[in-house]
Amino acid sequence: MVGAGPAGMAAAAQAATAGCEVTVIDTYPAPGGQYHRTVAPGLDRSAAHPPEPVAALNALVAAGRVTLRSGTTIWTAGVDREVAAPFRLHLTGVGGSLTGSATIRARAVVLATGATDRVLPFPGWDLPGVVTAGGAQALLKGQGIRVGDRAVVGGSGAFLLPVAADLAAAGCDVREVVEAQGLRCLMRHLPASWRHRARLFEGGQLAWRLARRRVPFHARSAVTAAAGDGRVEQVTISRLDRSWGPLPGTDRTVAVDAACISFGFVPQIGLAALLGCGVEPEPLWDDPAVIVDHRQATTSPGVFAGGELTGVTGSDGAAAEGAIAGLAAAVALGRIDEAAFAARTRALRKLRAVHRAFATALAAMYRRPDGWLDWLTDDTVVCRCEEVSFATVREAVTALEATDLRSVKLTTRCGMGYCQGRMCRDAVAAIVTRAAGRAPRDTPALSLTPVLTPVPLARIAEVADDPDEPRHVSGRCARR
Amino acid sequence: MPPDQRLSPPAGPERGPVFTFLFADVQVHAHAGETIGAALLADGITALRSTRFAGRPRGLFCGIGSCFDCLVTVNGVPNLRACLTPAAPGDRVQPQDGRRVA
Numbered sequence: 018m019v020g021a022g023p024a025g026m027a028a029a030a031q032a033a034t035a036g037c038e039v040t041v042i043d044t045y046p047a048p049g050g051q052y053h054r055t056v057a058p059g060l061d062r063s064a065a066h067p068p069e070p071v072a073a074l075n076a077l078v079a080a081g082r083v084t085l086r087s088g089t090t091i092w093t094a095g096v097d098r099e100v101a102a103p104f105r106l107h108l109t110g111v112g113g114s115l116t117g118s119a120t121i122r123a124r125a126v127v128l129a130t131g132a133t134d135r136v137l138p139f140p141g142w143d144l145p146g147v148v149t150a151g152g153a154q155a156l157l158k159g160q161g162i163r164v165g166d167r168a169v170v171g172g173s174g175a176f177l178l179p180v181a182a183d184l185a186a187a188g189c190d191v192r193e194v195v196e197a198q199g200l201r202c203l204m205r206h207l208p209a210s211w212r213h214r215a216r217l218f219e220g221g222q223l224a225w226r227l228a229r230r231r232v233p234f235h236a237r238s239a240v241t242a243a244a245g246d247g248r249v250e251q252v253t254i255s256r257l258d259r260s261w262g263p264l265p266g267t268d269r270t271v272a273v274d275a276a277c278i279s280f281g282f283v284p285q286i287g288l289a290a291l292l293g294c295g296v297e298p299e300p301l302w303d304d305p306a307v308i309v310d311h312r313q314a315t316t317s318p319g320v321f322a323g324g325e326l327t328g329v330t331g332s333d334g335a336a337a338e339g340a341i342a343g344l345a346a347a348v349a350l351g352r353i354d355e356a357a358f359a360a361r362t363r364a365l366r367k368l369r370a371v372h373r374a375f376a377t378a379l380a381a382m383y384r385r386p387d388g389w390l391d392w393l394t395d396d397t398v399v400c401r402c403e404e405v406s407f408a409t410v411r412e413a414v415t416a417l418e419a420t421d422l423r424s425v426k427l428t429t430r431c432g433m434g435y436c437q438g439r440m441c442r443d444a445v446a447a448i449v450t451r452a453a454g455r456a457p458r459d460t461p462a463l464s465l466t467p468v469l470t471p472v473p474l475a476r477i478a479e480v481a482d483d484p485d486e487p488r489h490v491s492g493r494c495a496r497r
Numbered sequence: 074m075p076p077d078q079r080l081s082p083p084a085g086p087e088r089g090p091v092f093t094f095l096f097a098d099v100q101v102h103a104h105a106g107e108t109i110g111a112a113l114l115a116d117g118i119t120a121l122r123s124t125r126f127a128g129r130p131r132g133l134f135c136g137i138g139s140c141f142d143c144l145v146t147v148n149g150v151p152n153l154r155a156c157l158t159p160a161a162p163g164d165r166v167q168p169q170d171g172r173r174v175a
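So the protein lines, in turn, are chains A and B.
Going by our numbering, the residue at position 249 of the first sequence is 266; the numbering climbs one at a time, nothing skipped.
Going by our numbering, the residue at position 3 of the second sequence is 76; the numbering climbs one at a time, nothing skipped.
This is chain A alone, in the form it adopts within the complex (with noise of 0.2 Å):
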């Protein structure tokens, strides 16, 4: 299993109760994954009660039927399927230096490695002290740390309301709220049902929750620039049109010393691409997401996705997704038949099919429409790493008609940095997408690297020596 977020945890869980010999693997030093942000392995003295998922997994490792790598990363992968257990992924630890490398060898592997925030750019979002609402909830729930003493929360999404609150209730003088999308917007597509009252039940309470603090909420508003002397001091908000663009003379401007934004939430495709899934627009929101079947096998035999990976679907579609992931890779395994896959996963699907519901009523509320470029300046940075700005992503399509994102990583820089393009592959798909009049026809390129995360040259060098490994995936290491 790879991630141990809400859906990796119930995937070993099942698989380990059918008798697979399952290995968790996850960045993070503690499993929870990013809903169940627990603290800090060390952090915390007191004898607090990890959610109910971290337990379990907790107690299933005590029990030696899982064995989970905290604090590890898979940094290639490859598939051979002349050898019994095909999958063949490259360990590394997080720390960057050569500790905890390993090569370890899968019949079956079942991905879910989760989601990242959609970040956008806009003038100064660069500074420190602008970070994006996830990481402000990471910091608060994995750190006990607030991210500043007065900020702003922003972007788009039904996740900019729970972070706001924990931030208000952190004691985080939370100025406002901005939602780029209208009131009116929201309120037309809210999945006001009785089959989803649970969630709808958890809405009201964080806009309670809000209210009581006296925390404004803007819809129809955007954060559309952030100034500062070395880290953010004040941010400009402005009013929106329908397309996000920003309206004259509107602007106003907030003193903060933090602004979380984030913009929803995009699969991280990198290592089922390496595996050899197959990949599309998803299409709620045309982010690249892994193609799963009804047993979430994916089009790479004996490789299974589940949770964010598949499609944003929350944290118990996340769930119910990983577990039946799980039971398919069992089934695959041979540990158990397809009556008692039939029996366990009957549940399981239909609470999939009411979270997965739920999840595109949802997306019906929040569109993105690209005026949100109009808040640009030409010297926007739109690749973090790189630093490359909106002026030169712009004239590599109009001037050197690179109009896909292949040809414009490699005129601009852009995707090339650290991140590899996960922090900019939108602006970037975006910005082509106005200057040439289409969308690239490759939207997954910036998102697919053979090399996951920066490691150092020894460590593929460690891989290229071993005698075991076939030639063809040293070779191709060592012309990267």
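Bear in mind the hints are in silico, worked out from the structure with no lab data behind them.
Honestly, I wouldn't trust all of these hints.
What the hints assert, rightly or not - Pairs of lysine to any residue residues, derived as SDA-like cross-links and limited to a Cα-Cα distance of at most 25 Å, are as follows:
| id | chain 1 | residue 1 | chain 2 | residue 2 |
| --- | --- | --- | --- | --- |
| 1 | A | 158 | B | 87 |
| 2 | A | 158 | B | 117 |
| 3 | A | 367 | A | 34 |
| 4 | A | 158 | B | 77 |
| 5 | A | 158 | B | 93 |
| 6 | A | 158 | B | 138 |
Note that the coordinates shown come from a computational prediction; the quantities given were computed from them, not determined experimentally.
Starting from the known structure of chain A, fit chain B onto it as the hints suggest.
Structure of chain B alone, referenced to chain A:
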């Protein structure tokens, strides 16, 4: 008086004893289990490095290890993500000046 952005119990964790590490030549407070990035932020330090072309300040951004903006040098090892690297007593953490050739 520098800000302290740490949550106290019961809202926050019950932290162990405080220790210090060096960031450039500044003593920074930390507790076991805290990351370097979080400890710096708690003490009000947000700029961790400057970029290599324009020399602009950068700090924590995504907070989860995806963006690679929070890179610092720890005990001589460069380009570590401050948001994922635990702080240890006596660590020597250096901000990275991107324009300077190593």
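Status of the hints after comparison with the structure:
no.	hint	verdict
1	158(A) to 87(B)	holds (13 Å)
2	158(A) to 117(B)	holds (18 Å)
3	367(A) to 34(A)	holds (21 Å)
4	158(A) to 77(B)	holds (16 Å)
5	158(A) to 93(B)	holds (22 Å)
6	158(A) to 138(B)	holds (15 Å)
The earlier numbered hints are all upheld by this structure, with none contradicted.
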